[in-house]
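So the protein sequences, as listed, match chains S and B.
Residues 1 to 188 in this note's numbering are what the first sequence spells out, letter by letter.
Residues 1 to 188 in this note's numbering are what the second sequence spells out, letter by letter.
Hints are computed from structural coordinates only; laboratory data are not their basis.
Worth double-checking, as some hints may not be accurate.
Identical copies carry no separate label here, and so any pair may be met within one copy or between two of them.
[Unchecked claim] Here are the simulated lysine-lysine pairs, DSS-like style, with alpha carbons at most 27 Å apart:
#, residue 1, residue 2
1, K117, K11
2, K108, K64
3, K147, K108
4, K187, K120
5, K34, K117
6, K120, K6
7, K187, K149
8, K147, K187
9, K120, K35
10, K64, K34
11, K11, K34
12, K6, K68
13, K149, K64
14, K149, K68
15, K117, K187
16, K108, K35
17, K117, K68
18, K149, K11
19, K34, K108
20, K34, K68
Note that the structure is predicted; figures quoted are calculated from it, not measured.
Protein chains: 2
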Amino acid sequence: MSQRLKNHLRKYVTFSDSELEDILSHFRLVSYAKKDLLLQEGHVCTQKFFIVEGLVRSYHLDSKGNEKINQFAIENWWITNVESFVTGTPSSSSIEAIEPTLVLSIDKNTIESLYIKFPKLERYFRIITENMLIAIQRRYEVFLQLKSKARYLNFMNQLPEFSQRVPQYMIASYLEITPEYLSELRKA
Amino acid sequence: MSQRLKNHLRKYVTFSDSELEDILSHFRLVSYAKKDLLLQEGHVCTQKFFIVEGLVRSYHLDSKGNEKINQFAIENWWITNVESFVTGTPSSSSIEAIEPTLVLSIDKNTIESLYIKFPKLERYFRIITENMLIAIQRRYEVFLQLKSKARYLNFMNQLPEFSQRVPQYMIASYLEITPEYLSELRKA
């Protein structure tokens, strides 16, 4: 189960076997059923989650009580509420399992001490955080620039695996288009 | 001139005097006149810029040729096009001085070798990148959630210094409202 995370760590930074064993020993393997919450809006997010298997979404409720999805994550992705994790303030979003999901989770205090012990881990997360920044910038540029049909085509193109696994009404929410219009686009 | 960056580095990570001297010796102090470009859209961004004095904006041209501003930066802020810097692809945005501006700039190869020599510098940029991620998430949440008047009040509240120094028409562009409506909001 931890092999996937080991591979991911090694994709970006060179670690010895014993370093990886030590680092991995601090993670907890946690299993979530479909619809279980990994994080609840309003709670402080103290964990980073690495998806070993499954699919999750991050969302919040808008002022009218509608769910607004701001991120999906599948195998090999990290997910957390960065602002809540870094600042210790209540999370503005929930994270929910869409499929039965297995994660490796690590809490803030543990990761801080691992950064001290393994500066290379800090390198890994410096790179991962840059990649998250790039991903979120791309997402919002798409939103600000593209019309809904172009948004859909961009999503299908950039994240084809998601479009297979995520329920259609959730894709519609993520793209901020109606499920009816999404259905039309899929038929076109 | 480099004292400002030294203070900023020490705000997040403990460095010795000699470490800071070594690190700072790799930065170039560059001065830009008003309207000079630090980075041109379509070029690969090979630098990170730390603003010592002045004010810059990052913007791109939309399909109709209109300028879309996505970031301002003043003293003590870092600015770059992260995607271009990390991936080596052409930058989707330009960075332009709004005031006469003095920056400390560092290029990608140099910073990569400094990360190896000073893992603490990697710690600093891991933290800075997390903060950038939080800032961009906040900005886009505001866009997706708030109406134009609320966006303006949020901007005035979060970035009061900017509202004093940035020309009104640029604030309007950043908030995606018309200059006329901004003028009405300011009088209200």
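Hint by hint, here is what the structure shows:
Both within a single protomer and between protomers do K117 and K11 lie at most 27 Å apart by alpha-carbon distance, with minima of 20 Å and 21 Å respectively. When the C-alpha separation of K108 and K64 is checked against a cutoff of 27 Å, the pair qualifies neither within a copy, at 33 Å, nor between copies, at 46 Å. In the homo-oligomer, the alpha carbons of K147 and K108 never lie at most 27 Å apart, since the shortest distance is 39 Å inside one protomer and 35 Å across protomers. With identical chains, the CA atoms of K187 and K120 are never at most 27 Å apart, being 48 Å at best within one copy and 53 Å at best between copies.
Proximity of K34 and K117 under a CA criterion of 27 Å is satisfied in neither setting, with 36 Å inside one chain copy and 46 Å between copies. Taking the shortest Cα distances, K120 and K6 sit within 27 Å of each other both inside one copy (13 Å) and across copies (23 Å). Proximity of K187 and K149 under a CA criterion of 27 Å is satisfied intra-copy only: 12 Å inside one chain copy versus 39 Å between copies. Taking CA atoms no more than 27 Å apart as the test, K147 paired with K187 passes inside one copy only; the shortest distance there is 18 Å, against 33 Å between copies.
Taking the closest pair of Cα atoms, K120 and K35 never come within 27 Å of each other, the shortest separation being 35 Å inside a single copy and 40 Å across copies. For the homomeric pair K64 and K34, the shortest alpha-carbon distance inside one copy (25 Å) is at most 27 Å, but the shortest distance between copies (45 Å) is not. In this homomeric assembly, K11 and K34 never come within 27 Å of each other (Cα to Cα): the closest approach is 29 Å inside a single copy and 43 Å across copies. Taking the shortest Cα distances, K6 and K68 never come within 27 Å of each other, neither inside one copy (33 Å) nor across copies (41 Å).
With identical chains, the CA atoms of K149 and K64 are at most 27 Å apart both within one copy (25 Å) and between copies (19 Å). Taking the closest pair of Cα atoms, K149 and K68 come within 27 Å of each other both inside a single copy (19 Å) and across two copies (21 Å). In the homo-oligomer, the alpha carbons of K117 and K187 never lie at most 27 Å apart, since the shortest distance is 54 Å inside one protomer and 55 Å across protomers. For the homomeric pair K108 and K35, the shortest alpha-carbon distance inside one copy (24 Å) is at most 27 Å, but the shortest distance between copies (43 Å) is not.
Taking the closest pair of Cα atoms, K117 and K68 never come within 27 Å of each other, the shortest separation being 39 Å inside a single copy and 44 Å across copies. In this assembly of identical chains, the alpha carbons of K149 and K11 never lie at most 27 Å apart, being 35 Å within a copy and 46 Å across copies at closest. In this homomeric assembly, K34 and K108 come within 27 Å of each other (Cα to Cα) only inside a single copy, at 25 Å, whereas the closest approach across copies is 43 Å. Proximity of K34 and K68 under a CA criterion of 27 Å is satisfied intra-copy only: 19 Å inside one chain copy versus 41 Å between copies.
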